[in-house]
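A.B. asks: As given, the protein sequences belong to chains U and F, one line each in that order. Position one of the first sequence corresponds to residue 59 (the working numbering), numbered consecutively onward. Position one of the second sequence corresponds to residue 504 (the working numbering), numbered consecutively onward.
Hints are not guaranteed to be accurate.
Chain U is nowhere near these chain F residues, computed Cβ spacing over 10 Å in every case [unchecked claim]:
{"id": "1", "residue": "A572"}
{"id": "2", "residue": "S575"}
{"id": "3", "residue": "Q581"}
{"id": "4", "residue": "E591"}
{"id": "5", "residue": "R601"}
{"id": "6", "residue": "P604"}
{"id": "7", "residue": "S605"}
{"id": "8", "residue": "T629"}
{"id": "9", "residue": "K656"}
{"id": "10", "residue": "Q658"}
{"id": "11", "residue": "V664"}
{"id": "12", "residue": "G665"}
{"id": "13", "residue": "A669"}
{"id": "14", "residue": "I671"}
Calculated lysine to any residue pairs in the SDA-like style (CA-CA distance at most 20 Å, straight line) [to be verified]:
{"id": "15", "chain 1": "U", "residue 1": "K652", "chain 2": "F", "residue 2": "D672"}
{"id": "16", "chain 1": "U", "residue 1": "K652", "chain 2": "F", "residue 2": "S574"}
{"id": "17", "chain 1": "U", "residue 1": "K652", "chain 2": "U", "residue 2": "D610"}
{"id": "18", "chain 1": "U", "residue 1": "K209", "chain 2": "F", "residue 2": "P604"}
{"id": "19", "chain 1": "U", "residue 1": "K305", "chain 2": "U", "residue 2": "A272"}
{"id": "20", "chain 1": "U", "residue 1": "K197", "chain 2": "U", "residue 2": "S169"}
{"id": "21", "chain 1": "U", "residue 1": "K373", "chain 2": "U", "residue 2": "H318"}
{"id": "22", "chain 1": "U", "residue 1": "K652", "chain 2": "F", "residue 2": "K656"}
{"id": "23", "chain 1": "F", "residue 1": "K656", "chain 2": "U", "residue 2": "Q678"}
{"id": "24", "chain 1": "F", "residue 1": "K656", "chain 2": "U", "residue 2": "E677"}
{"id": "25", "chain 1": "U", "residue 1": "K564", "chain 2": "U", "residue 2": "K652"}
{"id": "26", "chain 1": "U", "residue 1": "K209", "chain 2": "F", "residue 2": "Q579"}
{"id": "27", "chain 1": "U", "residue 1": "K209", "chain 2": "U", "residue 2": "G168"}
{"id": "28", "chain 1": "U", "residue 1": "K292", "chain 2": "U", "residue 2": "F113"}
{"id": "29", "chain 1": "U", "residue 1": "K292", "chain 2": "U", "residue 2": "Q276"}
{"id": "30", "chain 1": "U", "residue 1": "K564", "chain 2": "U", "residue 2": "L523"}
{"id": "31", "chain 1": "U", "residue 1": "K382", "chain 2": "U", "residue 2": "K305"}
{"id": "32", "chain 1": "U", "residue 1": "K652", "chain 2": "F", "residue 2": "Q579"}
{"id": "33", "chain 1": "U", "residue 1": "K305", "chain 2": "U", "residue 2": "Q336"}
{"id": "34", "chain 1": "U", "residue 1": "K305", "chain 2": "U", "residue 2": "A101"}
{"id": "35", "chain 1": "U", "residue 1": "K199", "chain 2": "U", "residue 2": "A272"}
{"id": "36", "chain 1": "U", "residue 1": "K199", "chain 2": "F", "residue 2": "A570"}
{"id": "37", "chain 1": "U", "residue 1": "K292", "chain 2": "U", "residue 2": "V275"}
{"id": "38", "chain 1": "U", "residue 1": "K199", "chain 2": "F", "residue 2": "S574"}
{"id": "39", "chain 1": "U", "residue 1": "K482", "chain 2": "U", "residue 2": "R744"}
{"id": "40", "chain 1": "U", "residue 1": "K197", "chain 2": "U", "residue 2": "T771"}
Honestly, the hints are just simulated from the structure, not real lab data. All residues carry an ideal CB built from backbone N, CA and C; glycine is no exception.
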Amino acid sequence: MVAKKTSKVSKLLRSPRHSTFLLAYKAWLVRFLIMLAVVIVAAVVYLDITIRNQFEGGNWAIPAHVYTRPLDLYVGLTIAESSVLDELGELGYRFQIGATEPGTYENSGGSLTIHVREFQFWDELRLSGRVRIGFNPTKTKIVSVTSTSEKLDLFQLEGRLFGSVSSISHEDRELLTWDQIPEGLVTALIAIEDRNFFSHWGVSPIGILRAAIANIVQGRVVQGGSTLTQQLVKNYYLTAERTISRKVVELVMAVLLEMHYSKQELLVAYINEVYLGQAGNRAIHGFGLGSQFLFGRPLQELNGAELATLAGLVKGPSHYNPLKHPERALERRNIVLRVMQREGILNEVQTGQLQQLPLGTGRSVSIQRRSYPDFLDLVRNQLGNDFKDAALFDAGLRVYTTLNPRIQNVVETVISDRLSQIEKSRGIQAGSLEAAAIVLRADNGEVVALAGGRDRGFAGYNRALDAIRPVGSLLKPFVYLSALEQPSAYGLGSLIADKSITVSQKGSEDWIPQNYNGEEHGFVMLMDGLKHSYNLATVNLGMEVGLDTFGDLLKRFKYDHEGPLYPSALLGAVPMTVSEVADLYLTLANSGFKTPTKSVRSVLSDGGEPLGRYPLSIEQVAQPESIALIVYAMQQVVLDGTARAIGDRFGRAPGYAGKTGTSDGYRDSWYAGFSGDYLMVVWVGRDDNESTGLSGASGAAHIWSDTFANISTRPLTLTLLPDLTFIPVNPVTGMKIDASCLNAVTLPYIASYEPASQSGCAAGTSNRNINNTDGTQKKTNKRRGVDEWLKGIFK
Amino acid sequence: MAQGYIQISKSFNLLDQKKMIGFARIFLVASTFLLQACVGTQIQGEEVVIDGLTIGGGQQSVNTQTAPAISSLLDQSQEEVNAGNLDEGARVLERALRIEPSNPEIWHRMAQIKFSQTDYAQAVVTASRSNTFVDNNSQLRALNLSIMLESYKAQGDSVQVGRVRAQIDNIQQP
């Protein structure tokens with residue numbers, strides 16, 4: 059049968075017709091094989107070029123990493139030891155007796171020893187080492203700062219990496235070099251993921267076979283069988299699709315990688331590339347950032363159990379996420395530890411000890427994961443203005459910001475707690491109120507905290523930057539200031555009419571403003587008009603001074619409005635964002651010196667080279683004396699006016715100045731105020747713009763005062779400028795009277811612009827009509843003592 | 504949000520030596536004065552003349568309440584200035600101002616640096632800021648006014664020159 063068949067084939071082959079066919083077939087086959095070989099070779103060469111280009115060409119897009127402000131510690135600084143401990147906690151420093159390792163501290167008695175980590179500051183690479191901070195007996199003030207070798211005048215605690223800014227990619231990572239990778243991570247990783255890593259050449263046939271059998275037995279994919287090199291290829295070059303052709307490409311690439319690069323280089327790449335989880339829309343890649351994200355500490359400071367947790371995470375970053383599924387993560391970690399024992403890396407005792415350790419990613423480190431997305435929006439805006447080349451965002455810049463996490467945390471907590479409390483006490487639907495706030499350093503415009511809503515850590519609609527709302531009475535100080543800038547015509551004691559006024563406007567109906575309570579108060583001192591936020595007094599004054607004058611002042615102070623202002627602008631019918639209001643108030647808080655607000659101090663390159671910084675820049679837009687007068691009046695707002703609840707809360711100390719604001723129909727509740735060092739603007743309202751029923755005093759002012767009650771701040775003290783003088787004034791006539799008069803109100807005036815004198819103490823006559831003489835007279839006995847004491851505000 | 508962002512090049516070529524010599528008189532006199540002031544010494548008997556304004560000539564006590572951290576930063580700033588790194592000197596002063604924003608001496612030094620950088624607008628405004636923190640220390644006030652005077656002169660602003668000169672005269676004859 060076989061012979062027969064053979065002879066048949068031979069015949070066929072021998073026949074001329076078939077021999078031609080065969081020759082053609084052979085030629086075609088040869089050509090095909092050559093072409094196939096060419097295609098394969100070309101493909102391999104292409105893959106080879108691809109992997110080498112990417113592998114060697116500075117391949118990772120690394121977002122700009124954003125840091126909180128450093129904390130200056132120096133002799134004489136008033137700071138509670140607990141605040142420094144909070145700061146250390148956020149930086150992931152751990153208590154350790156003797157503070158022998160970087161990233162640890164020890165506090166005992168009145169002294170705190172910190173073993174600081176190495177950190178790249180703008181001007182220097184600070185090496186790791188120990189610093190001892192001595193506190194006074196009440197632990198509220200620093201009395202000494204010493205390093206191991208010398209006495210220091212001041213010392214900086216580094217900022218924390220809290221977020222990143224990138225152009226398009228949402229991948230984030232912190233690159234590690236071989237020296238920075240702990241051996242414990244490498245051994246754990248190899249034991250659990252690829253125990254033949256050091257002996258195979260990119261693929262492991264035995265591993266594939268073992269996985270295939272396991273998968274067949276189970277009837278589903280239970281094992282990957284991929285080597286670390288294959289995983290690297292998959293993560294690095296390929297998509298997640300599961301096809302045969304992709305698998306082939308993966309195998310080829312893995313072998314090529316192994317041909318070109320050492321095991322060490324491949325491991326470093328793997329450790330920097332691997333995906334380890336998601337934080338919002340930010341994908342956490344690499345063990346460097348993974349360690350920061352999960353444990354709040356650098357990889358080098360993790361113990362063996364924590365490294366095993368990270369190694370175990372590779373198999374399923376979301377399934378074994380220690381934050382969401384701590385039980386699974388713990389079980390997985392213990393499997394890794396047992397495998398390490400089986401491989402002879404750990405002995406039984408060590409394994410037992412490590413398995414006893416807690417996961418270490420619990421609530422206590424949650425603060426180290428805080429990302430302050432609202433503040434990041436501000437950083438993104440500022441950088442976007444100056445770094446036009448988007449590629450820079452992916453070049454691993456180090457961005458040093460002005461964010462003070464101590465204050466930021468207070469603001470976030472206060473907003474959340476206070477809104478809930480207001481909703482509860484006033485029967486407002488829970489969750490319907492929203493708020494936004496910004497806190498700045500009054501002296502240099504650095505933004506130290508920003509909240510764009512009540513949900514902390516939630517990246518969404520940023521109301522502090524984007525919600526534009528009518529500001530109500532927040533503009534009144536500027537109306538009064540535009541008058542006080544004409545000292546020959548106006549002083550704080552000048553009488554202004556709190557009486558009805560009808561303002562005619564071309565092309566629209568007459569405007570007839572009213573006071574909040576519908577009452578008129580006759581002639582009042584200019585200071586009292588602001589103190590009690592009288593609408594009629596403000597409109598009368600504003601119209602007298604002129605809308606153009608008022609508009610020019612706003613422009614000088616920063617508010618760029620287009621076209622002429624309407625009279626209703628005097629009462630704040632002008633929509634602004636929280637941060638725009640802060641710009642305006644910053645100049646008030648800074649004695650008439652305007653400075654740009656900023657959230658970034660400086661930017662360094664990936665290699666620690668200074669790229670650029672934002673130097674202090676100021677501009678004088680008002681005379682300090684005029685500002686001192688309006689700030690004095692704003693202090694009265696807090697002590698005895700619409701924000702007196704704040705004055706009462708702080709023991710009627712004169713250290714704060716501010717102004718409440720309420721928009722029509724109680725839709726927006728505002729408060730803007732400052733101490734000696736911080737300015738804060740707060741808005742409370744609803745996203746649907748419905749009424750909240752809250753005035754500035756009953757809403758936003760509470761958030762302001764809760765914040766200032768919980769942060770360390772200096773009281774506002776006004777320097778007695780040489781051109782300022784105190785004059786006793788009759789509040790009814792607005793004229794200078796003898797200081798011994800019981801009804802005298804002592805007010806600051808610009809020297810050489812004192813009010814005219816009257817004889818005697820009585821109300822007497824003035825150029826204005828006098829109302830309510832008796833009422834005023836009764837008040838003044840009580841007030842005189844207060845005035846004397848107020849005079850002491852000025853130092 | 505307008506920002507005064509500055510790009511840093513590796514070589515800090517911010518100091519024009521020729522101009523520096525031109526401004527040497529006021530700058531050096533003021534620096535000497537302030538250096539002494541900041542270490543809290545008492546200036547004895549020496550008479551210093553800045554643009555017709557006579558300061559000193561008697562025993563004058565100046566501010567002695569400078570914290571060690573501030574002294575240290577002022578020294579560090581001065582070292583940078585001496586090395587020609589004016590921008591770095593200003594940066595160190597900014598750090599000092601974060602610690603003591605109301606310290607008129609730091610503001611005055613900032614004015615000196617801005618003047619040396621021929622940034623006259625900032626020299627005037629920082630000197631003016633310094634003056635808002637000076638109580639009755641007419642010495643520092645006079646030094647600030649002299650920086651303002653020289654800046655306005657350099658800008659060719661005769662109106663402001665006249666105004667500031669009048670202020671200086673007022674200090675001389677209280």
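A.B. asks: Work down the list of hints and note, for each, if the structure agrees.
C.D. replies: Here is what the structure says about each hint:
Distance check for F:A572 against chain U: the nearest CB is about 4 Å away, which does not clear 10 Å, and the non-interface claim fails. A beta-carbon of chain U is positioned within 10 Å of the beta-carbon of F:S575; the least distance is around 4 Å. Against the 10 Å criterion, F:Q581 stays outside the reach of chain U, whose nearest CB is about 14 Å from its own CB. Separation of F:E591 from chain U is inadequate, the least Cβ-Cβ distance of about 7 Å not exceeding the 10 Å criterion.
At roughly 7 Å from the closest C-beta of chain U, the C-beta of F:R601 falls inside 10 Å, breaking its exclusion from the interface. At roughly 4 Å from the closest C-beta of chain U, the C-beta of F:P604 falls inside 10 Å, breaking its exclusion from the interface. Against the 10 Å criterion, F:S605 falls within the reach of chain U, whose nearest CB is about 8 Å from its own CB. With 10 Å as the threshold on Cβ separation, the claim that F:T629 sits away from chain U is violated: the shortest Cβ distance comes to roughly 7 Å.
A cut-off of 10 Å between C-beta atoms confirms that F:K656 is not in contact with chain U; the least separation is 19 Å. With a closest Cβ-Cβ approach of about 15 Å to chain U, F:Q658 is found to remain outside the 10 Å limit, as its non-interface label requires. With a minimum CB-CB distance of about 17 Å to chain U, F:V664 clears the 10 Å threshold, and the non-interface call stands. Interface exclusion of F:G665 from chain U stands, the closest Cβ pair being 18 Å apart, more than 10 Å.
Taking the minimum C-beta to C-beta distance to chain U, about 14 Å, the non-interface status of F:A669 holds against the 10 Å cut. A cut-off of 10 Å between C-beta atoms confirms that F:I671 is not in contact with chain U; the least separation is 14 Å. For the suggested pair U:K652 and F:D672, the alpha carbons sit about 29 Å apart, so the restraint of at most 20 Å is broken. For the hint pairing U:K652 with F:S574, the CA-to-CA distance comes to about 27 Å; that exceeds 20 Å, so the pair is violated.
Using a Cα cut-off of 20 Å, the hinted pair U:K652 and U:D610 holds, with the two alpha carbons roughly 15 Å apart. A hinted pair counts as satisfied when its Cα atoms are at most 20 Å apart, and U:K209 with F:P604 does not qualify at roughly 25 Å. Of the supplied pair hints, the one linking U:K305 and U:A272 holds, its CA atoms being roughly 18 Å apart against a limit of 20 Å. Of the pairs offered as hints, the one joining U:K197 and U:S169 holds, with about 9 Å between alpha carbons and a cut-off of 20 Å not exceeded.
At most 20 Å may separate the alpha-carbon atoms for a hinted pair to count; U:K373 and U:H318 exceed this at roughly 27 Å. Restraint check: the Cα-Cα separation between U:K652 and F:K656 comes to about 24 Å, which exceeds 20 Å; the hinted pair is violated. Of the supplied pair hints, the one linking F:K656 and U:Q678 holds, its CA atoms being roughly 19 Å apart against a limit of 20 Å. Taking the CA atoms of F:K656 and U:E677, the gap is near 19 Å; set against the 20 Å cutoff, the hint holds.
Proximity of U:K564 to U:K652 is assessed by CA-CA distance (about 35 Å); at most 20 Å being required, the pair is judged violated. As the CA atoms of U:K209 and F:Q579 are separated by approximately 16 Å, the hinted pair is consistent with the 20 Å bound. A hinted pair counts as satisfied when its Cα atoms are at most 20 Å apart, and U:K209 with U:G168 qualifies at roughly 17 Å. Proposed proximity of U:K292 and U:F113 is supported: the alpha carbons are some 13 Å apart, at most 20 Å.
This hinted pair does not check out: U:K292 and U:Q276 have alpha carbons roughly 24 Å apart, beyond 20 Å. The straight-line distance between the Cα atoms of U:K564 and U:L523 is roughly 34 Å, outside the 20 Å bound, and the hint therefore fails. Proposed proximity of U:K382 and U:K305 is contradicted: the alpha carbons are some 32 Å apart, above 20 Å. Taking the CA atoms of U:K652 and F:Q579, the gap is about 28 Å. The hint is violated against a cut of 20 Å.
Restraint check for U:K305 and U:Q336: not satisfied, since their Cα atoms lie roughly 26 Å apart, outside the 20 Å limit. About 14 Å separates the Cα atoms of U:K305 and U:A101, which keeps this hinted pair within 20 Å; it holds. Restraint check for U:K199 and U:A272: not satisfied, since their Cα atoms lie roughly 65 Å apart, outside the 20 Å limit. Between U:K199 and F:A570 the alpha-carbon distance is near 14 Å, which keeps this suggested pair within the 20 Å criterion.
A C-alpha spacing of about 25 Å is found between U:K292 and U:V275, which places the hinted pair above 20 Å, so the restraint is violated. The straight-line distance between the Cα atoms of U:K199 and F:S574 is roughly 19 Å, inside the 20 Å bound, and the hint therefore holds. Of the supplied pair hints, the one linking U:K482 and U:R744 holds, its CA atoms being roughly 16 Å apart against a limit of 20 Å. For the hint pairing U:K197 with U:T771, the CA-to-CA distance comes to about 17 Å; that is within 20 Å, so the pair holds.
Checked against the numbered hints above, the structure violates hints 1, 2, 4, 5, 6, 7, 8, 15, 16, 18, 21, 22, 25, 29, 30, 31, 32, 33, 35 and 37; every other hint is satisfied.
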